[in-house]
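A.B. asks: Each chain, letter by letter, is given below.
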Amino acid sequence: MRSKPSVRTRPSRVPTARLALRFLALGYLALLLGIPVVLVFINAFQDGVAAAWNAVTTPEAQHAFYLTMVMVVVAVPLNTIFGVLCALAVVRQRFRGRALLNAMVDLPFAVSPVVVGLALLLVYGRRDGWVGEWFAERGIQVIFSTPGMILATMFVSLPFVVREVIPVLREIGTEQEQAAATLGAGAFQTFFRVTLPAVRWGVAYGVVLTTARALGEFGAVSVVSGKLSGRTETATLFVENRFQRFDATGAYAASVVLALLALATLLAMNLIKPKEARG
Amino acid sequence: MAYLSIVALIPLAAVLFKSLDGGLDSFWTAVSSDQAVAALRLTLITSVIVVLINAVAGTLIAWVLVRDEFPGKGFVNSLIDLPFALPTIVAGLTLLAFYGPDSPVGVNLAFTKVSVVVALLFVTLPFVVRAVQPVLLELDTEMEEAAESLGAGKATVFRRIILPNLAPAILAGGGLAFARAVGEFGSLVLITGNIPFDTQAASVFIFAQVESDNPIGASAVSVVLLVIALLVLLFFGWLSKRALRHEE
Chain F
1 MRSKPSVRTR PSRVPTARLA LRFLALGYLA LLLGIPVVLV FINAFQDGVA
51 AAWNAVTTPE AQHAFYLTMV MVVVAVPLNT IFGVLCALAV VRQRFRGRAL
101 LNAMVDLPFA VSPVVVGLAL LLVYGRRDGW VGEWFAERGI QVIFSTPGMI
151 LATMFVSLPF VVREVIPVLR EIGTEQEQAA ATLGAGAFQT FFRVTLPAVR
201 WGVAYGVVLT TARALGEFGA VSVVSGKLSG RTETATLFVE NRFQRFDATG
251 AYAASVVLAL LALATLLAMN LIKPKEARG
Chain S
1 MAYLSIVALI PLAAVLFKSL DGGLDSFWTA VSSDQAVAAL RLTLITSVIV
51 VLINAVAGTL IAWVLVRDEF PGKGFVNSLI DLPFALPTIV AGLTLLAFYG
101 PDSPVGVNLA FTKVSVVVAL LFVTLPFVVR AVQPVLLELD TEMEEAAESL
151 GAGKATVFRR IILPNLAPAI LAGGGLAFAR AVGEFGSLVL ITGNIPFDTQ
201 AASVFIFAQV ESDNPIGASA VSVVLLVIAL LVLLFFGWLS KRALRHEE
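Taken in order, these protein sequences are the chains called F and S. The numbering of the first sequence is this note's numbering, which starts it at 1 and goes up by one. The numbering of the second sequence is this note's numbering, which starts it at 1 and goes up by one.
Rather than coming from a laboratory, the hints here were simulated on the basis of the structure. Fair warning: there could be bad hints in the mix.
[To be verified] Computed from the model, here is a short list of chain F residues facing chain S with C-beta under 10 Å:
id	residue
1	33
2	69
3	72
4	74
5	116
6	120
7	129
8	182
9	184
10	186
11	188
12	204
13	243
14	246
15	263
All values reported here derive from a predicted model rather than from experimental measurement. Even glycine gets a Cβ: it sits at the ideal position worked out from N, Cα and C.
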């Protein structure tokens, strides 16, 4: 135990150290996060608001944003239903492989998006895929088409709702559910009248995270889409395409739209978080 | 369970099978090709650097956000999650705007190994901060005050009291950041230039193999990447548990 009396005799040093730390932390954040993000907004509008607006309202851009919306509209509800059911199974039921299921749900977090795309290619691809031919014979093209891209989006955004709902379910316990059951409520009634309202903010938070991920997925969708401009190009692929074709305004303008959606997500997260804590 | 299988498990199994399609020999040939080794090495080295920087910077940011008071703190706090919300391709473009050839401050990192590190730092920023923050909030200041009244300096208090308490959280956050860094793709596409043997990370290498119609090679490197990510997650989970037990 070495003692340092010098610190105690000079208390004025403490605020200085605190200021230095604050400056370091905020400086790091500004250089890595703040300034670059602001710059994207500036770059998008460097040729004027009209140019930026025109860049994101071309037919290709409109189709890209439409396709991204399709991804969200299909993947988010499916993953939400799965997430709630899966969380219920993990928390409320006892069965073999429960721990395994719990661990498996996190798998998409550990897998590179490119590997996700490759994996889907190897199952649903027409030439290499295990079941690609079966689908092709029935006139369904999965890879290089919307179904494959939806599958990719579902894969990468799978864990969010499960992860948010599990702790809330653990927290609320089973007392109210048991009370409802003794009062004669069936399993469905108990779920919709007691369980679901209790976990609603957890579900909402998970939905927001799922939506953000679905909107922004790039790697997995990139592999399975074939990047056909105006056909299988989502908003994130559109950004890359515009950039590679030296259309900086288009790339930055579309990025601004996506960044605004990300900021809206942050806002929603901050609105939901305190409610979730209160239950 | 069926949903999980269709969406995630069966496709991943397909990658494993494909990687062994030509036997163990072709798996090994694919993984040990010069370009694959260079890509894997770059990914591992940059990921380690990124985790180390994150451990320091993340802890610092968490400390400032919990223990310090300044105007706009709530705003900064909610901004931390932005890298999670921002699409990775936009993250890449964002960094390119500031650290690219048209940089307003003249710092051009594009197409260098440093750009790989910067991109990975951006996308992994929230992990350590968000892991450490709640622990720091819970941490009683009584212990620190007691230590200080016994004559311990600020540095000693940090090293002997705060750091041991935060270690499990730093390790847990570091593990997640590493797993994310190893697999990152979107933010690297634009800024690194993907030059083989130089700035091509493993995920980008896999993408190039898929594009050039080499599914076996792509699968083999994918399996390596998957195994690394899982091992690291398990290892950091184990370290973090050990640190917790040590504390008790």
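A.B. asks: Would you mind marking each hint as holding or not holding in the structure?
C.D. replies: Hint-by-hint comparison with the structure:
{"no.": "1", "hint": "33", "result": "holds, 6 Å"}
{"no.": "2", "hint": "69", "result": "violated, 14 Å"}
{"no.": "3", "hint": "72", "result": "violated, 12 Å"}
{"no.": "4", "hint": "74", "result": "violated, 12 Å"}
{"no.": "5", "hint": "116", "result": "holds, 7 Å"}
{"no.": "6", "hint": "120", "result": "holds, 5 Å"}
{"no.": "7", "hint": "129", "result": "holds, 8 Å"}
{"no.": "8", "hint": "182", "result": "violated, 30 Å"}
{"no.": "9", "hint": "184", "result": "violated, 31 Å"}
{"no.": "10", "hint": "186", "result": "violated, 24 Å"}
{"no.": "11", "hint": "188", "result": "violated, 20 Å"}
{"no.": "12", "hint": "204", "result": "violated, 15 Å"}
{"no.": "13", "hint": "243", "result": "holds, 6 Å"}
{"no.": "14", "hint": "246", "result": "violated, 12 Å"}
{"no.": "15", "hint": "263", "result": "holds, 7 Å"}
Checked against the numbered hints above, the structure breaks hints 2, 3, 4, 8, 9, 10, 11, 12 and 14 and satisfies the rest.
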